[in-house]
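From first to last, the protein sequence lines stand for chains A and B.
When we follow the numbering used here, the leftmost residue of the first sequence carries the number 1, and every step to the right adds one.
When we follow the numbering used here, the leftmost residue of the second sequence carries the number 433, and every step to the right adds one.
A couple of the hints might just be wrong.
[Claimed, not checked] Simulated coverage check for chain B against chain A, where a stretch passes if three residues somewhere in it have a Cβ under 8 Å from a Cβ of chain A: (1) 434 to 446; (2) 463 to 472; (3) 491 to 498.
Treat the hints as calculated values from the structure; they're not laboratory data.
The beta-carbon is built from N, C-alpha and C at its ideal position, and this holds for glycine as well.
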Amino acid sequence: MIWNETKECMSRDEIHNMQGARLKKTVSRVYHNVEFYRKKMQQLGLEPSDIKGMEDLHKLPFTTKEDLRDNYPFGLFAVPQSEVIRVHASSGTTGKATVVGYTRRDIEIWQECVTRVLAMAGIGANDKIQVAYGYGLFTGGLGLHYGAENLGATVIPMSTGNTQRLITMMEDFEATAIACTPSYLLHIAETLEEAGKTDKIKLKVAICGAEPWTENMRKEIEAKLNLKAYDIYGLSEILGPGVAADCDAHMGLHVYEDHFIPEVINPDTLAPCKEGEVGELVFTTITKEALPLFRYRTKDLTSITYEPCECGRTLARISRFKGRSDDMLIIRGVNVFPSQVEAALLEMGETSPHYILIVDRINNLDVLEIQVEVEEVFFSDEIRKLESLTKKIAHVLQTALGLAVKVTLVEPKTIARSEGKAKRVIDKRKLI
Amino acid sequence: MIRQLSIFIQNEIGSVAGVTAILKNNNINLRAIASFDTPQFAILRIVVDQPEKAKTILIDSGFAVTVSEAIAVELDDKPGVLHDLLQVIADAGFGVNYIYSIVFRNGKIPLIILNTDNLEKTKKVLLDKGYSVAEQEDVL
C-alpha cells in the first residue's frame with residue numbers, strides 16, 4: 001500500500017515547489033547555525049537570500065565525508081545539544097567515526113520514511129518482522145525498528161550474530177517479514193535448507209539493504225525462500241535506511257523527495273548528469289534539524305529518472321547502484337576503506353606497508369582477507385612468532401575496521417606494485 | 433655453531449622449488465634442508481656452503497631471509513644416540529625448538545642440527561658431556 005499518498009504521489013510541480021520552499025528555509029537556518037556552512041557560503045559570496053528555490057540548488061557548496069570527519073564529532077550540528085535525542089556513528093576513513101545526530105522531529109521523519117518503505121513492500125500491522133540488522137551505533141537496526149513499530153507491525157528485534165536463534169524464532173513466532181542484509185538472508189536460506197525447514201517458515205517479505213546486491217541475487221532469494229524481496233537504501237549522513245526503496249515494479253528506488261533532494265553529478269567535473277546518465281548520487285536534506293547537509297556526495301554511482309512509476313508514485317527513482325566513485329567497500333554492512341588498513345598497519349609498525357584486501361562471498365557471507373607481505377626486518381625464524389604476529393595484525397585490523405578479518409602473511413614483493421594508484425582491493429563478489 | 437638460513441615461503445605448490453632454483457642457478461650447494469609448515473606459510477631452513485652469498489641472492493629475488501645460528505652435533509649411527517643427546521638437553525632444562533640433520537658429509541659422521549631456548553648454554557652442556565659440536569667450516 002501507499003502509506004502517505006499526499007507525499008508519495010504529488011505532481012512533479014508540487015514536489016518541485018515544496019522542495020524549493022523547504023530548501024530556502026533550510027539554507028537560512030543552516031547559515032545562521034552552522035559556522036562551517038556560513039564560511040563556505042561566504043567564500044562563494046552566497047547570501048541565504050540568494051537561494052530562492054530549486055533553480056538555485058546548484059549554487060550551494062558540496063559536502064563530503066571528510067567535512068564530517070574534520071568537524072568530528074558535533075561540529076556540523078545545527079541545533080543545541082539539548083535538542084539532540086540520539087546519535088549514530090559509522091566508521092570513517094582514518095579510524096575516526098562519522099557521527100550523525102537526530103532531534104525528536106528527525107527521528108519522527110526517519111520512522112515515517114521507513115514506514116513508507118515497509119508499507120510499499122506490503123507489510124502491515126498484522127505482520128511480525130524480524131529486524132536482523134545490527135542494533136547500536138549502526139543505523140540499520142534501530143532505523144528499521146522504529147519504522148516497523150510506527151507501522152504497527154510486531155517487531156522482533158533480533159539484531160545480528162545468532163542465526164540458530166533467529167531461525168528458531170522465525171519458526172516458533174511465525175515471522176512473516178525480515179529485514180537484513182541480502183547476503184545474510186541467503187545464508188539464512190541455506191541454513192534453513194540444510195535443516196529441511198524451508199517449508200515450515202511463514203516469511204513472505206524481506207527488506208534488504210546496507211550492502212550492494214544484484215537483481216539476480218533478489219531473484220535467488222525470492223526463489224529460495226518463496227517470498228518477495230525489496231531493496232532499501234540509505235546512509236547515516238543523510239538519515240539511515242529509508243532514504244529510498246523499491247516498489248513491486250522493481251524499476252528503481254523511490255527517493256523520498258519531500259525530505260531529500262537527489263542530484264546525479266559527474267564525479268570528475270561535478271556537472272549535473274542528464275536524466276538516465278550514470279553519475280555520483282548527491283543529496284541535500286530539506287527537513288533534517290540536527291544535521292542538515294547541502295549536496296552531500298554519497299560516492300554511490302547511479303542514474304535517476306523522474307518518470308512516474310507504474311505503482312502510482314511520482315517520486316524520482318534511482319537505479320540499482322553501479323559501484324562507487326571512491327574505493328570504499330561495504331562488507332557485511334560495514335564501510336571499509338583500504339586506507340584504514342594502511343593506517344592501522346603503519347601505526348602497528350611490525351609489518352610492511354604492502355597489503356591487499358581480498359573480499360569474497362563464501363556460503364553467502366562476505367569475508368575479508370588481508371594479505372600482508374612479510375618484511376625482512378620483521379621476519380622471525382620462529383613459526384610461533386609469525387603466528388602471533390598474524391594474530392596481532394588480525395586483532396589490530398578488527399579493532400580498526402569493526403569487522404573480523406583473516407590475515408595471511410605472504411612473501412615479499414608478491415603483491416603487485418603498480419605505477420600511480422596502487423591496487424589495494426580484489427573484490428571477488430561480482431556484484432555489479 | 434653453524435649458520436643456517438631461514439626463508440619465509442607461502443604454503444603453495446612450487447614454493448620450495450622457487451628457492452632451490454635460485455640456489456641451483458647460482459651454484460650454491462645445499463648441505464641440509466628442512467621445512468616447517470603451517471596451513472598458510474612455511475619456514476624453509478637450509479644449510480649451504482656459501483651462506484652470505486645465498487642470503488643476498490635470495491633477498492634480491494624477493495624472499496624474506498634471516499641467518500641464524502644453530503647447534504650441530506656429531507652423532508654415531510647407532511640406535512639410541514639421539515635419545516641420549518635429547519635427554520642431556522632436557523635434563524639441563526632447555527626446550528628444543530626444532531631438529532633436522534645433515535647425513536651426507538663425505539664419509540664423516542652425520543650431524544644433528546638443533547635449536548633450543550639457549551644455544552650458548554646448550555652448547556656448553558653438550559661439550560661438557562663429551563659431545564662433538566661442529567662449527568661452520570665443518571659443514572663446508
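So which of those numbered hints doesn't the model satisfy?
-> none
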